[in-house]
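Going line by line, the protein sequences match chains A and B.
Take the first sequence: its position 105, counting from 1, is numbered 104 in numbering that gives the first Met the number 0, and each next residue is one higher.
Take the second sequence: its position 286, counting from 1, is numbered 285 in numbering that gives the first Met the number 0, and each next residue is one higher.
Take the hints with a grain of salt, since some may be wrong.
Where chains are identical, the list cannot tell them apart; a pair therefore holds if satisfied intra-copy or between any two copies.
As the list claims (entries may be wrong) - Below, a list of computed lysine-lysine pairs in the DSSO-like style, where the Cα atoms sit at most 27 Å apart:
id, residue 1, residue 2
1, Lys453, Lys49
2, Lys63, Lys49
3, Lys39, Lys236
4, Lys343, Lys236
5, Lys402, Lys49
6, Lys164, Lys378
7, Lys39, Lys233
8, Lys236, Lys49
9, Lys29, Lys164
Because the hints were derived from the structure by calculation, they are not lab data.
Protein chains: 2
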Amino acid sequence: MFKKFFPASCFYLLPFFCVAQSEDSAMIKKIADEVLINGKAYENLRFLCKKIGPRLSGSPQAQKAVEATARMLMEAGADTVYLQPCMVPHWVRGIKEKGFIQVAGKPVYPLHLCSLGNSLGTGKKGVRAGVIEVRSFKELDQLGTAVIKGKIVFLNFPMNPTYIKTFRAYGESGISRWQGASKAASYGAIGTMVRSLASNEDDNPHTGAMAYNDSFPKIPAVAISTNDAEWLSKQLKLKMVVKASFTNTSAMLADTISYNVVGEIRGNEFPKEIITVGGHLDSWDLAEGAQDDGAGVMQSIEVLRVLKAVGIHPKRTIRAVMFMNEENGGRGGEKYLELAEQNKETHLFGLESDDGGFTPRGFRLEMNEPQLSKVMQWKNLFYPYGVYDMAAGESGADVGPLKKIGTLLAGLSPDSQRYFDVHHAATDVFENVSKRELHLGALNMAALIYLVDKYGL
Amino acid sequence: MFKKFFPASCFYLLPFFCVAQSEDSAMIKKIADEVLINGKAYENLRFLCKKIGPRLSGSPQAQKAVEATARMLMEAGADTVYLQPCMVPHWVRGIKEKGFIQVAGKPVYPLHLCSLGNSLGTGKKGVRAGVIEVRSFKELDQLGTAVIKGKIVFLNFPMNPTYIKTFRAYGESGISRWQGASKAASYGAIGTMVRSLASNEDDNPHTGAMAYNDSFPKIPAVAISTNDAEWLSKQLKLKMVVKASFTNTSAMLADTISYNVVGEIRGNEFPKEIITVGGHLDSWDLAEGAQDDGAGVMQSIEVLRVLKAVGIHPKRTIRAVMFMNEENGGRGGEKYLELAEQNKETHLFGLESDDGGFTPRGFRLEMNEPQLSKVMQWKNLFYPYGVYDMAAGESGADVGPLKKIGTLLAGLSPDSQRYFDVHHAATDVFENVSKRELHLGALNMAALIYLVDKYGL
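Bound-form chain A, shown alone (with noise of 0.2 Å):
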């Protein structure tokens, strides 16, 4: 019965697998010291984040973020670098939005607010009008076109504090975002206000993206703040609210040009087999995007830096891509996945950083058995740098799109309770991400590629 538990087998692999452990054990080291010390990240993510700024698809400065990121891949020592071109959606916000509670007997109240990306603008006019709050669509749809029609909409679903993991509650209140406004409009709604996506009580406004159903008329909608959505709620339950008002003038111009920007080290073995790491260039108009997603564009360059630096020549081919226009169309990503195909390329696997760049605590791996369990015995590799959550999960916007020609997919999980106090808001800036943080993300991605292109999946 012994064979049962531990096949005979084993005994032979073992000894080869403990010097195999202990190599690669070695060689993260290398790979941690080299990040560690002379890691580039951090340095290139204040260049993206305070020369270059904000850098929404379609903007001047997603354009300079696109030939900045093709300059460091050259610097970090790409043999390759190259841009892939890709038509994009090109919103943009217009004037600074405003808007204002009237409270019965009182000033009115200006509120802090900003359009969601892709949203339609009031018009210079903008909207007036009485305000309903909703905690739920279920609510919504109770309350129907007698209550809503001719209404702004106030969608008041705030991020579950009790989730641990942060994207969890981003998940499930997001759709007061994504799906709003085209909910509140079957009833008539002339416009939303949103509780922005934040898990922290402050001033700022959190955009991102939202999507108009076809179906119904196009409302305008805008983000409020969660201090402004606590006191809004409170004035509603006391009936002292008259009216609420926006402007905004947001606008979706016609598509334009973009690149996703491409840098490769070829492989020696077998240079057809293609692994991808990567982030998104593009950001939302209101701070740095330095968190989301500058970090992960720049741990993806660092990777490719710290494999060369520490001398590996990577059997496979290994490509850090800086996708365009995740944030609010994703067309980077199936950009990507439409040359694969085209060029028949085989892409063996990818990795994504999109979740900001805090310490990492782990990889959601987006891949069945008997990968899933290859993987999971490099666990203890990455434990003395923090990663031990190592489970099934979905990798992320860009690499996604290759599971469609079956490509081992992977996403980088950091500690997940800052993200969605700066996410989308004017506070993702350079000063709130931790070097040491963004490079522990970097040195965890790059054993992971080491890993992947030395024994393959």
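On the provided structure of chain A, position chain B as indicated by the hints.
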């Protein structure tokens, strides 16, 4: 042979163990939800930081902090709140320090510097001399009196960036601050400039305790910022530095009275068995002591609050203790032990939080088998709340003295990447604490206290 690995008696215990774990898991979820929804640690910390601020032992603010935390303990639901009087050192910084480097043919360079805690002053005339850089005590020994006599020694001991847990680097480089002045004085130096013990590069000098060895002259000691240390080292290599000078008027005054603040929930089965949870109330004078250790203090009060709030009636007496004078004397911790011995108290367990209010990753357990194994059995209960790294290790400076009377000890291990960016510097302010991170620490501490109280050790 089966029995060897799995004693038959375990079979009887197994169902009980499973039921117990699921009960415990439900209770810990209740604790977690309560802290994450209604936790008071963050707002209490805001008060401590913004309404009181720096609170070095012997300062009027330290006294205010004693009064404020006594009130907070009452509000948290402690049965009894009392003070433990304790004499503390009373060190004062004096006027704002000044320091300059004179470089050949250039204007003098003003340093970003501060006196080290406990250092004596130069007097208003200051010191002025040539500078000798050393990067280790060995190097200092080799240079000896011939080179060092009459000079200012620049102790440039960078924190090793390759250590993943930053406390290890702090421990190693820390000798430059703790022992550097007397070591340099033993070779005739007239002053020391210490590179700040910081994991980042910026202009903020980091203070912290130093100690004199009575066998040598007591020379003044200051810390300079990491940016200045890098710059100075470069200038010295270029042989461009003519002289360094600095002035500080810090002084050690007579000991003065202060207090530990204690809040208790009396146990209802074994009231004489005491479980302590604490942090230290004093802080350095350059900032608000938000991470060090306002965080630990507020987490400890929160432990008491949440146990009450979720309706736990502890078997043993739970004490939240705000220790005084950890930073430059450790007198509060010593006094706590002294009174425990004097009152013949039984101290079962002591838990300290003094590594910042960052996302928790683990507990360091200062205990022998079989207690260690017992705690390790609870590991899976903490995993959903981000705590996975439970291992033998040193607890903390304030509960540490209790080891003498056989108390089992533990320390909270939060993520350490950002701690030494702000530690003892002007940047250790409330704004650099995350509410969710702080509260996650508190809820894990409360869970551990709950388990120790319920099962004993």
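Which of the listed hints are not met by the structure?
Hints 1, 4, 5, 8 are the ones this structure does not satisfy, whereas the remaining hints hold.
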